[in-house]
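Construct all of the structure, not just a fragment, from the sequences and the given hints.
Which chain is which? The protein sequence lines are A and B, in order. Just so we're aligned: 1422 in this note's numbering is position 127 of the first sequence, and the numbers increase by one with no gaps anywhere. Just so we're aligned: 124 in this note's numbering is position 71 of the second sequence, and the numbers increase by one with no gaps anywhere.
I should point out that these hints are in silico values taken from the structure, not numbers from a laboratory. These numbers come from a predicted model, not from an experiment. No residue lacks a Cβ here, since even glycine has one placed at the ideal position from N, Cα and C. Don't take each hint at face value.
Derived DSS-like pairs (lysine-lysine); straight-line CA-CA distance at most 25 angstroms [said to hold, decoys possible]:
1. A:1542 with A:1597
2. A:1423 with B:126
3. A:1342 with A:1542
4. B:126 with B:157
5. A:1542 with A:1525
6. A:1425 with B:126
Non-contacting residues of chain B with respect to chain A, defined by C-beta distances greater than 12 angstroms in every case (computed) [unchecked claim]:
7. 55
8. 57
9. 58
10. 64
11. 149
12. 176
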Amino acid sequence: MSTLAVTQGVSEASTRQVDLRQEFNEVGVGEVLDQLDRELIGLRPVKRRIREIASLLLIERIRKRMNLTSDVPTLHMSFTGNPGTGKTTVALRIASILHRLGFVRSGQVVSVTRDELVGQYVGHTAPKTKEVLKKAMGGVLFIDEAYYLHRPDNERDYGQEAIEILLQVMESQREDLVVILAGYGDRMDKFFASNPGFRSRIAHHIDFPDYSQGELLAIADLMLQDMNYKFSPDAREAFMRYISLRKTQPLFSNARSIRNALDRMRLRQANRLVADLDRVLTNHDVMSLEASDVLASRVFRKASGE
Amino acid sequence: MRITQGCFSFLPDLTDEQIARQVQYCLGNGWAVNIEFTDDPHPRNNFWEMWGLPMFDLRDAAGVLMELAECRKVYGDRYIRLSAFDSSHGWESVRLSFIVNRPKEEPGFRLDRHEVAGRKIRYTTTSYAAGRPEGRRYGGS
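See below:
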């Protein structure tokens, strides 16, 4: 009975006390955070920040029940970091956290890039941007590589129009929509410098650090586990060397490079298995990646060649 | 005379919050919500003009309400209604529609009696507002 009264915020007496643990369990945000810890390797500062935001939202929720009104907290965020550091993955998680806490109504993530926001001729941009905004209402709008919206070299670029509409909606419909901008660190800084409006409307700037070698190996293990593969002990050792070599080469994009490397290794493994047709394959054979699959990589050849 | 048509026609005008709840119900059923407007209040006027495109793939009523606010800004002196289109096989038609905006003053209808042969009478209803040209019927310049 009393819980009903609390949720409606009508009872004076019962809104004085709230059992924090009960509230925490009820919302189920703990599960999401634990899942975040389990499934995302490393990213310690990011996780800390998300925990902080989750706590703030939990308290804000309780305050609302106690009729201590305050403005809806600004939840727009910007994620900066190198390629493959998990920005998109985290955005999806954030959406589900916000949804559980009741700060967005439907919890869907609409992921867009410049193409979906900016039109190709005069008068095309505004309806296009609004269309996307309408679809994202009640959820999270994730703008990947947001700095492409602004093209400083072209004065008549329609990107500016999209930015203006975005800024307006970000300000006036804060309770309906959360906008997350993502992109590489240095370019995002430039983007914010030329659009100060954006910077001030975003409360949470989260920087995604690069992964360490051990973290990358753990990520590889997790990815393989999802794909029902595993490393043989030799291959694992070889892959460790692969990571350390690959990290020093140009165009390294963290977890994404790891995923690509694993895909190529699966290719080589399949090729190796098919090369010998007169044999009976076991479960173990098709599951395990051998050292030779790893060592055939271009990365090693380059390293030994120099 | 207060024009009524569609759903909820026996209720007082819906508040924005109530409209949002109804729209959310439509979206929950997977219907696309459209905004239409007109200044010809005749009940046989089936063809209202559309405000923008039908809104497919929306998840939350806030998007529709945003468009409705825009439409009211421009055509606040006309009738505006929302209609929900069900595209699922076998329906493919409007499932629900209701008026969300009306002019401040609605002058109503004149009833014309047309006497024809054999003391028969034919009736015609004409909206007083429709006497003026389109766009100027409800005080719009």
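Which numbered hints turn out to be false for this structure?
Per hint list: zero violations.
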